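Chemist: Here is what each chain is made of, one letter per residue.
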Amino acid sequence: MALTATESVTSATGSFGSASALSCRECGARYDLGPIFACIECFGPLEVAYDFGTVTRESIEQGPKNIWRYKALLPVPVDVEKLPNMNPGLTPLVKADRLAAELGLRSLYVKDDSANPTHSFKDRVVAMAVEAARVFGFTTLSCSSTGNLAGAVGAAAARAGFRSCVFIPAGLEEAKVVMAAVYGGQLVAIEGTYDDVNRFCSELIGDPAGEDWGFVNVNLRPYYAEGSKTLAYEIAEQLGWRVPDQIVIPIASGSQLTKIDKGFQELIALGLVEDKPYRIFGAQATGCAPVARAWEKGYTVVQPVKPDTIAKSLAIGNPADGPYVLDVCRRTGGAVEHVSDEEIVDSIRLLARTEGIFAETAGGVTTGVLRKLLAKGVLDPEAETVVLNTGDGLKTLNAVSGTGVTATIKPSLSAFKDAGLL
Amino acid sequence: MSVSVRIPTILRTYTKGQAEVSAEGATLKEVLADLETNYSGIQARILGDDGAIRRFVNIYVGDEDVRFASGLDTPTPDGVQVSIIPAVAGGC
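Those protein sequences? They're chains V and G, same order as listed.
Taking the working numbering, I'd label the letters of the first sequence as residues 31 to 452.
Taking the working numbering, I'd label the letters of the second sequence as residues 48 to 139.
Accuracy of the hints is not assured; some may be wrong.
To be verified - Below, a sample of chain G positions facing chain V; criterion: calculated Cβ distance under 8 Å: (1) Thr56; (2) Gly88; (3) Phe103; (4) Val104; (5) Ser130; (6) Val135.
Derived from the structure by calculation, the hints contain no laboratory data.
A quick note: this is a predicted structure, and the numbers were derived from the prediction, not measured.
Note that CB positions come from ideal geometry on N, CA and C, so glycine has one too.
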């Protein structure tokens with residue numbers, strides 16, 4: 031029996047396409063679609079449940095060249111592409127032969143999500159939250175952010191005509207702060223870590239000051255998180271309707287990793303791809319590796335940590351979906367691994383040097399973990415592998431601050447020849 | 048010792064809509080037991096059958112996540128703010 035979430039929210043099923051209800055991932059309690067995120071019974075996370083109709087490869091391939099080609103699999107209205115939205119997605123899946131050769135891999139692809147409108151994968155999830163906010167009648171969009179999300183929310187709010195007020199920890203990279211502020215919304219830095227910001231937002235939402243706000247990753251989180259499924263759909267479609275054998279995914283809260291698994295499972299259930307095994311690997315920075323530590327110890331729960339890493343977009347010390355990441359990696363035969371800040375920087379350079387992709391620190395984390403797990407013999411070098419780059423290196427320039435000009439010379443041929451570069 | 052406890056929206060059915068209530072106790076465990084005395088049923092929503100804090104509940108005493116302190120044995124000095132918050136938030 032579906033419970034009513036709150037008296038003020040009426041059922042909005044028609045506005046959410048094939049989405050039919052919210053379901054507690056812990057205890058299975060079901061709720062009408064509404065702006066709620068935690069189970070009333072057990073505080074567990076709520077997931078969007080669907081009644082999918084017939085979905086074919088052809089119907090998807092005829093859709094727009096962005097995430098809305100998968101709208102039948104998302105909690106959005108059927109005419110979503112007509113609404114003002116950032117229309118992210120369909121980013122390149124780069125065949126990374128030079129990186130593969132250097133690492134000793136047979137077949138490697140980089141899913142380069144820096145190609146999204148605000149240069150990170152966050153545009154995918156925010157696109158879902160915007161549509162949910164519209165349905166629920168929110169006029170202000172908000173979030174707790176490690177930087178990329180703040181920019182994505184600011185831009186999407188501007189495009190769709192929402193007010194925005196977003197919260198970040200003080201001390202983020204300058205490029206992320208500027209990019210979050212330029213869209214004209216309010217940007218508030220909070221003295222503390224991301225986990226402090228997150229706690230603040232969770233309290234604000236229970237206060238009259240914030241009760242009418244759409245927090246994309248709090249009260250809109252069940253819808254928002256579904257956007258990460260589109261990474262799975264795109265990778266499979268771009269591989270020729272095939273799920274890769276292995277995939278390396280960064281872990282911040284862990285939601286993205288669990289949603290990519292959900293996306294693959296849906297494609298298999300709908301018969302859009304062959305039902306074959308795949309292995310999911312999670313990547314963290316050593317300075318914020320609560321899930322990797324739990325993995326090493328064989329735990330099913332995650333002990334929070336205080337983050338200290340240059341990979342600020344992954345610096346969530348108390349990851350909400352950590353236990354589910356452990357479940358997914360165990361079930362698929364994957365693993366969770368971490369790399370040091372030095373390895374992150376070196377891996378950013380490796381990816382740039384071999385594939386012409388300038389990743390932000392999170393991409394250094396995934397590339398570093400790819401290399402480390404290959405060296406340890408955990409990843410199969412013969413298996414088709416995908417590694418995610420979820421953001422743009424221009425936002426974390428300080429990570430490679432030692433990089434610069436090779437030489438400064440007078441404008442003459444002799445000076446160039448004398449510089450010893452040939 | 049009297050402390051102030053912030054109640055998340057989904058538990059306010061127990062507190063008749065109040066967002067903040069007072070409770071007594073020298074440790075978090077005692078504070079939660081006192082809450083149960085006044086708002087019957089609320090403790091079972093915060094603690095699991097094993098008596099531990101549910102994995103999707105965060106509790107703060109002042110600014111400290113009690114998982115970084117002494118869990119249910121964390122001291123609750125007079126006048127401190129205790130916050131109960133759903134853990135499923137943030138990130139992606």
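Chemist: Confirm or reject each hint.
Modeler: We went through each hint and held it up to the structure:
no.	hint	verdict
1	Thr56	holds (5 Å)
2	Gly88	violated (12 Å)
3	Phe103	holds (4 Å)
4	Val104	holds (5 Å)
5	Ser130	holds (7 Å)
6	Val135	holds (4 Å)
Hint check: a violation occurs at hint 2 only; the rest are consistent with the structure.
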